[in-house]
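J.: Take the given structure of chain D and dock chain G to it, following the hints.
There are 2 protein chains.
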Amino acid sequence: MTFRVHVRVIPRPGLLDPQGQAVEHALGSLGFTGVQQVRVGKAIELGIEAADAAAAESAARRMCERFLANPVTEDFVVAVEA
Amino acid sequence: MTFRVHVRVIPRPGLLDPQGQAVEHALGSLGFTGVQQVRVGKAIELGIEAADAAAAESAARRMCERFLANPVTEDFVVAVEA
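Protein chains in written order, with this note's numbering: chain D, 1 to 82; chain G, 83 to 164.
Okay, chain D solo, but in the shape it has when bound:
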């Protein structure tokens, strides 16, 4: 069975995120007020063949630890689509 898996990879809190700062400033310039602490990372969607949702999530976590995320600078969140 193929599961659709959503992964978010985001710079760790406290680390400099120039892209997030640029987006925050641009939103302010466009008139969006009250926006703060913007972080920009990667959103990855994958189709993963697995026996069940738990196995798909586990595989995605291994992919993050091995390749999709930088363990020093980034956090990741994995969600399997229902």
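What the hints contain is simulated information worked out from the structure, not anything from laboratory work. Heads up, some of the hints might be wrong.
Unchecked claim - Cβ-to-Cβ under 8 Å is the rule here; a few derived chain D residues that face chain G:
1) VAL9
2) PHE32
3) GLY41
4) PHE67
None of these values were measured; they are calculated from a predicted model. No residue lacks a Cβ here, since even glycine has one placed at the ideal position from N, Cα and C.
T.: Positioned in the frame of chain D, the structure of chain G alone reads:
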């Protein structure tokens, strides 16, 4: 009140996504089998001051329509953290 909002911006289905193809091939090379239809986009987290969660979501959707996503080539999903 400040709400933490998660935005995913992903290339539309059917549009070429070279970054997604590169990730798919790299995962295969690393021994991850059964991975398909990989799409890579942006994950954006924002703190938004708003009266309630619905207002924060609405503001984030306007930001996506105006600036964060390309309406021709990208889809976006907005979720307000509980």
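J.: Now, for every hint given, state plainly whether the structure supports it.
T.: Right, here's what the structure says about each hint:
A distance limit of 8 Å between C-beta atoms decides the matter here; for VAL9/D the minimum to chain G is near 7 Å, and the interface restraint holds. For PHE32/D, the interface hint holds, since its Cβ comes within 8 Å of a Cβ in chain G; the closest pair sits about 6 Å apart. Because the smallest distance between the Cβ of GLY41/D and any Cβ of chain G comes to about 5 Å, under 8 Å, the interface hint for this residue holds. A cut of 8 Å between beta carbons decides the hint on PHE67/D: the least distance to chain G is about 6 Å, and the hint holds.
The structure is consistent with each of the numbered hints, conforming to all of them.
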